[in-house]
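The opening residue of the sequence shown carries number 2 in our numbering; numbering runs sequentially from there.
The set of hints was computed from the structure by calculation and includes no laboratory data.
Do not take every clue at face value.
[What the hints assert, rightly or not] Only pairs whose alpha carbons sit at most 25 Å apart, straight line, appear in this in silico DSS-like list of lysine-lysine:
id : residue 1 : residue 2
1  : LYS141    : LYS120
2  : LYS89     : LYS73
3  : LYS141    : LYS50
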Amino acid sequence: MLILYRISDRLGRFVSLVGSVVAWLSVLLIVVIAFDVVTRRFLVLGSTKLQELEWHLHAVLFLLCIGWGYMKDAHVRIEIVHERLPRKAQLWIEMLGCLLFLIPYCVIVFYHGTDWWEKSWNLGENSDSATGLPHRWIIKAFLPAGIVFIFLAAVSVFLRKFVELFGPSVIPKTAGDEPATSPTRELL
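Using the sequences and the hints given, assemble the complete structure.
Following this line, the structure appears as structure tokens:
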């Protein structure tokens with residue numbers, strides 16, 4: 002069980018690191034949006050490239066941070082029902098959700114997203130707008146990349162819940178550390 006916990010911990014730390022670094026793109030997104038709004042409103046200078054850059058940055062933020070959000074339990078769930086269930090039922094629901102829904106979804110979207118990106122790459126796809134951003138395949142590559150992070154987060158969460166459900170009540174953080182009373186609370 003300790004090895005499963007360590008795998009979950011490492012996957013979770015990696016997904017969280019990527020998410021927390023990529024989240025800083027939100028500052029750039031705010032600057033780009035503010036600049037675009039000011040130049041359009043006061044200088045009457047519209048830019049298709051700026052508008053496309055806005056949605057590109059938003060897509061990258063969403064796709065590369067959604068796994069991190071899942072790791073932090075920031076995703077949508079029906080809290081009124083979930084909180085009233087016994088802890089074991091909560092663990093089973095989360096594990097089955099990962100196995101039956103999230104992981105298969107990731108595999109399917111990765112397969113089709115990679116195909117979608119590859120077609121865009123082979124065609125040398127650009128923006129539909131003549132003044133838009135070139136190389137549309139770059140933004141399309143973030144769909145399969147983001148799905149990889151969601152997949153890693155799902156595996157991490159599944160393993161963490163599995164260890165909590167079937168493992169001992171006390172699991173050390175690492176081989177030489179003091180034991181943590183709740184492995185899921187100590188993950189991040």
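Could you work out which of the previously given hints the structure breaks and list their numbers from low to high? The structure breaks none of the hints.
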